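Chains as they are written, first to last, in our numbering: chain A, 1 to 233; chain B, 1 to 220.
Be a bit skeptical, because a hint or two may be false.
Straight-line alpha carbon distances no greater than 30 Å define the calculated BS3-like cross-link-like pairs of lysine-lysine that follow [stated by the list, open to error]: (1) B:LYS200 with B:LYS178; (2) A:LYS119 with A:LYS176; (3) B:LYS178 with A:LYS229; (4) A:LYS119 with B:LYS56; (5) A:LYS229 with A:LYS119.
These aren't lab readings, by the way, just hints derived from the structure by calculation.
Only a predicted model underlies this, so the values are computations on that prediction, with no experimental measurement involved.
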Amino acid sequence: MMDTPREAPPEASRPYGRRAFLGVTALGLSSLLWGKFAWNAFTSAAQPLEDALPPSLVPSGWRIYTVASSMPTFDEATWRLGIEGLVDAPQTLTYADLRALPRAEQISTFHCVTGWSVKNVHWAGVRFRDLLAAAKPRSEGTVLEFVSAEQPYVDTLTLEQADLHDAMLAYEMDGKPLPREHGAPVRVVIPEMYGYKNTKWVQRIVVTDHVSPGYWEQRGYDIDAFVGKSNGL
Amino acid sequence: MASSFTAAPRYIHRFSRTERTLHWVHAAAFFVLLASGLVLYVPRLSELVGRRPFVKDVHFDTGLAWMVAIALIVALGDRRGLRNTLRELDAFDRDDRLWLRRIPRPQGRFNAGQKLNAALTASFAVLFAVSGVLLWYGERNNSYRFGSTILLHDGLMYLSLVLLVGHLYLALIYPSTKHALRGITTGSVRRDWARVHHSKWVDEQRLAHPLVDPPGREQE
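The task is simple: from the sequences and hints, build the whole structure.
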């Protein structure tokens, strides 16, 4: 016989397998409650490290959401931005016209309704008040409808919301012309609301007197999407 | 060649058809989910591939198909065998506990690391499924939308990648363990290999099937 020698008689085994399974599963499920707090604490603690690393090594944190089969392509020669609806002087702006308007800059945090955020995004663009001035909206026009070149994406802001101090139509991001995946050449930026209100690839702005639900709002998301005060968050 | 008929079988059966099917269905689904998930997650890939609604459907449908397939394999397969396997995976005897502390000890059909990997993989599967369903249903119902769901789903992806890299290294590259791949593809492994890596299991098999494998005919 060539049995392997046993030093000790067989002894009771311990159910570590199920403990590992149940423990990790419980930890994972409970993280639905504490995950975000832990992550925020971790990212603030890791901020010095992030500052020390070259930016190319730090993950951007962005995720790109689109609804059409491909992203719109920006061609400066043919691109136009229409401002129409309840206005006295409808406008058709070229890219150069838009860039000639008073420039505003800001650094703000971008929040997605699904739970991720990107801190300290540097935007440059035009405040809506300056953008709309030449079109002369009528007094009954209280809502801006942003029609995206990415069909059928559409969303709205009330004029009041669009007048928030940090809302703008942005054409630059982090010092460069707005990249294609972020809505080139212009997108709405309203940091106080979740990302889906920040319409990308804006092609037309229609001034209306009523709010109609936007793309995601037709699919159950809140129309007034203030960060932390909407969508059950 | 005739002499090989009288020698002990060179191969020993390690994984049942049910176990192998479970493994490969799980693996195939994981790779499709990983690829489609990365397209949804990495901006560069999102831009390159586009067609987000389609990729999202692929991701969701694959997840659904994966859950249904696993349930079907368990329901229609060798459940008794699976129950035994589950018992083996659960039980860590003294040798397993020492092995985890890097003290070489004889191991059963699964070594302690494989048992842990199985527990973690099962746990990750449950968590992926729960967080995935929440991501999908939360889009339809506010009350199931949690700020941390996507963090859990992403975090699991990173942890799974770590497990996967280790798993692939041991299964495809590391010379002394990569023979295990034959077990999960064909079902059986070389007896001499099993004696080195899973000696307690080989001993048990010899006791359980003394006629098939008469003691004393081992080729060490």
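- [ ] Sort out whether LYS229 of chain A lies within 30 Å of LYS178 of chain B, counting only the CA atoms.
- [x] violated (54 Å)
- [ ] Decide if the proposed pair is consistent with the structure: LYS119 of chain A and LYS176 of chain A, CA atoms, cutoff 30 Å inclusive.
- [x] Status holds; Cα separation ~17 Å.
TODO: Please work out if LYS200 of chain B and LYS178 of chain B have their alpha carbons no farther apart than 30 Å.
DONE: Judged against 30 Å, a Cα distance of about 20 Å means the pair holds.
TODO: For the pair we were handed, LYS119 of chain A and LYS56 of chain B, check the Cα-Cα distance against 30 Å.
DONE: holds (26 Å)
- [ ] Measure nothing beyond the straight line between the CA atoms of LYS229 of chain A and LYS119 of chain A; if it is 30 Å or shorter, mark the hint as holding.
- [x] holds (19 Å)
Violated hint: 3 only; the structure is consistent with all others.
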